[in-house]
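Make the full structure from the sequences, and use the hints.
4 protein chains.
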Amino acid sequence: YGKNTIKFLRLHKDGKKHFVKEVEVCAHLRLTSPQEYLEGNNSLVIPTDTIKNIVLVLAKKNGISSLEQFAIDICNHFMTTFCQVAYVKTYVQEVPWQRLHEDGVPHIHSFICVPDGIRFCEAEQCRNGPLMVFAGIKDLKLMKTTQSGFEGFYKNEHTTLPERHDRILCGELFCKWSYGECKDFDFNCIWKKIRECILEAFAGPPDCGEYSPSYQKTVNRIQMLVLSRVSQVQVIEVVLNNTFYNVVDMKNLGLTNDKEVLVPVEAPYGSCACTLGRKKFFEA
Amino acid sequence: YGKNTIKFLRLHKDGKKHFVKEVEVCAHLRLTSPQEYLEGNNSLVIPTDTIKNIVLVLAKKNGISSLEQFAIDICNHFMTTFCQVAYVKTYVQEVPWQRLHEDGVPHIHSFICVPDGIRFCEAEQCRNGPLMVFAGIKDLKLMKTTQSGFEGFYKNEHTTLPERHDRILCGELFCKWSYGECKDFDFNCIWKKIRECILEAFAGPPDCGEYSPSYQKTVNRIQMLVLSRVSQVQVIEVVLNNTFYNVVDMKNLGLTNDKEVLVPVEAPYGSCACTLGRKKFFEA
Amino acid sequence: YGKNTIKFLRLHKDGKKHFVKEVEVCAHLRLTSPQEYLEGNNSLVIPTDTIKNIVLVLAKKNGISSLEQFAIDICNHFMTTFCQVAYVKTYVQEVPWQRLHEDGVPHIHSFICVPDGIRFCEAEQCRNGPLMVFAGIKDLKLMKTTQSGFEGFYKNEHTTLPERHDRILCGELFCKWSYGECKDFDFNCIWKKIRECILEAFAGPPDCGEYSPSYQKTVNRIQMLVLSRVSQVQVIEVVLNNTFYNVVDMKNLGLTNDKEVLVPVEAPYGSCACTLGRKKFFEA
Amino acid sequence: YGKNTIKFLRLHKDGKKHFVKEVEVCAHLRLTSPQEYLEGNNSLVIPTDTIKNIVLVLAKKNGISSLEQFAIDICNHFMTTFCQVAYVKTYVQEVPWQRLHEDGVPHIHSFICVPDGIRFCEAEQCRNGPLMVFAGIKDLKLMKTTQSGFEGFYKNEHTTLPERHDRILCGELFCKWSYGECKDFDFNCIWKKIRECILEAFAGPPDCGEYSPSYQKTVNRIQMLVLSRVSQVQVIEVVLNNTFYNVVDMKNLGLTNDKEVLVPVEAPYGSCACTLGRKKFFEA
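Residue numbers (the numbering used here), protein chains in the order written: chain A, 1 to 284; chain H, 1 to 284; chain D, 1 to 284; chain W, 1 to 284.
Calculated from the structure, these hints are not laboratory results. Note that the coordinates shown come from a computational prediction; the quantities given were computed from them, not determined experimentally. You can take every hint at face value.
All copies of an identical chain are treated as equivalent in the list; a pair is satisfied when it fits inside any one copy or across any two copies.
Cross-link-like lysine to any residue pairs, in silico, SDA-like; alpha carbons within 25 Å at most: (1) Lys138 <-> Glu210; (2) Lys7 <-> Asn257; (3) Lys17 <-> Val57; (4) Lys217 <-> Asn42; (5) Lys193 <-> Glu124; (6) Lys7 <-> Pro115; (7) Lys13 <-> Thr256; (8) Lys192 <-> Cys26; (9) Lys155 <-> Phe82; (10) Lys176 <-> Leu38; (11) Lys7 <-> Phe174; (12) Lys183 <-> Ser65; (13) Lys155 <-> Ser43; (14) Lys17 <-> Leu255; (15) Lys7 <-> Asp116; (16) Lys217 <-> Ile137.
Laid out in structure tokens, this is it:
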């Protein structure tokens, strides 16, 4: 089993207009025989240097129309070229370069890095099995300053947490969904639509929001909305790493603090992860 | 000499609409006597816990209309309250929360973290001296995919770099400027204007860009444009940490690569720093 | 599914001598019903704050005789106290404080942090299932400056890597092994013995070393040696994240470089992972 | 003004025994004229690529007998080779590889990374000025579990910190000292001696320790001991970044906690920095 990571930039021109994709590709291969591992016989081993060359050549020849198509291309290449490959998985992640605008006018060759959620995808195949496609977003940091609480939880002698009906809900989201075996979707368009669903389900209506009784319920709402709106998604996994904020007690300092000044609590650091599919749900 | 860092969130409501500022404040104090250091006599020492309390109380009482005003408030408090303080410097940095929009509609209480350049400021004062105000932006990553070269440089027997007239210019910008002693500016408005100047000077006109003969010249252009457009700025320091990209040589792989596939070069990592003032320049 | 992380320090005195353990505990719980997730009913949810309290109370009451025993104690507590818990996993990781020595004399209460490999363990249990214990070491960085090569690998038109019979072998090791259901071992003593096995298998005899034909073979040697020397280990997983070093070509600079000056190659970054058990091996 | 960073490994053999130094070199140059910056004229600019080549060639030709000697060699090369260089500073930092031992026997070519304090140095020169040499240690994490307190500090209405006479003293040390213009010291031997002084001054006698009334006083003790024991040191700067530990209040949980269970407090993060010279002290 070996994997490696390749980072590169693919530049593409349409007339004088430039398009840029900077990606990090991680390729995992499993060979049909572990003889290099057991016997020190390297004759089937594909060096990481060769893998790097293949990824760069595919980027040059095919371009990167979407992360997903590029991941599929890499999988296909390894499966059709190397009979000693039993399994291949490719992970592709994007550096979030966005076109620069000056007074609303797009610049033809300048870009700014805007990391408000990182797009990634995976393609995976076992020899004689189907090629599966996944996509996702990670490092998406969101906050609601009201319409969130946590009440009615289990209590015993170790409970010190008070019930709260108006707290800050803040966290870093990781979402990953499966497109199954289908490969000819408009992956760029669907990804944008799913990102909008995630934001909407997290925040609720712009004029009033929607009450969240727990991080878990918010995770569920995100999954339900994506599955109901985007028919191409088969299964969706969501992980929400929470940051807690404590209202500072200012009584000793002679002041009342009506949820105006809060400090982030580094530890304990909570996390909530769920996977939801179309017919049955798995909570893992 | 002591410093400490406090991170907190200040929430403010206008009717049902929420406004949020999450900041990291770093306060540096120097006392008139180092007796705790030389003799172990702590009677003049202001504990970091007390400094934290003061910062939180000021946030509660004054709010954070701008980072700069808040930094000024903290400086003033320490100078007027503690006669044993000989010098105070406060650094305030913002967590880049932006209001979430759904189909263009702003949400009343939901926010997304968009770290495309971090705003910060400093206020600094010696007892009996003026209060000086600085502001800046850091971690701003920009890229131009053409209109950049590096030619005509000094050569000797250790030179292996070829001349290039069409390379990628990519880097992370740090800019810090001084407002001098003036304190009643519209700091939020000026900061946005300076950010636009930086982007414009880096990128050039949207339809054609502007040729950069070196990182150094681009740094100079940024400084010149800010000084010419924003009269409140006295001095501006710019540091550009460069990321180099090499065009992959694909001759061995039977392909030509016309600046289509490039890999970032981690080392050597270059940096270019300059400080430019109104009358005379300092290159340090 | 929820997890959280708690970091704390447990201090213990024997006369005037102090003993310190600083650990990071991560607890994962799965409940018998996901009603908080589906229906927003929190009545079974154990807040992260309560989990933190339990971990701190157990540390106070039981102390931390070994990381493994502490992880077992936490698992047992959750399984016996909360009937709504279907599954519990605890991960415990150590901050590597070592007693300070002055001229060879151990200090009674002073410590230095020496991160040359981080010790960790896991305990895991499903309701009605056995409690399984794992231990490991991570972030262990090792280098061999000779007795390593990579030859006879698969070649095709994308191969550019030359064969090498005398290269640098350098990487960061992650090893995790299973003790099965057994719980009354001397975990501290066994851990030290396994660490020594890993170093010996990586390096070979002190006077001459042992030739490594590939990273994969070195991973296998580590696993084989641990399994042959330490009977308590059931299965061992090893991941070796490689750092490659290139001999700098100095021909252009008029010098020969006989593997004297090398630069680390950041990308592609290789990794090799294998799991080896007693009867059959799994290569995943 | 430009700087850049080069990371490389220098391997040296004495018979079959291998010696390894992996270093990170950062070179800062200032030129006599900023014409590339003002006019886009690059004719005096020394590209970072050339600087990298020079550093690698010097490592190949001279080896790295000590970090300090290597930094001096680089400075000298730039000053004597390039008349357009007005100022040069070189920073050299070591990757802490230590020879591996098996049952106390040193291995001839295997190494382990042990980052218990990172050694670094600087050499600096202005044209027509003296070459100054500095050395230091950073990222050195130390802890005392008793013999530390903080009492008698300044109090006012914002004070909430209780006085403590038995707390944990824990922090990360940065020390940097000057050797002045002298260059023919045994830098390796002196560095080890200073490291021992730092540990001794922090911890006190092994059998009883020494009471620290404040972080500041501990910083002063370190400086005083180094200056009194090591005559080659002219000035010493020490920065101590503190980690605070709070005794967990377990009253709500029905337990007393006699400084047995403590949690680290992430914020506020304190720091104490002082510079001490031979004749007069500077507190900056």
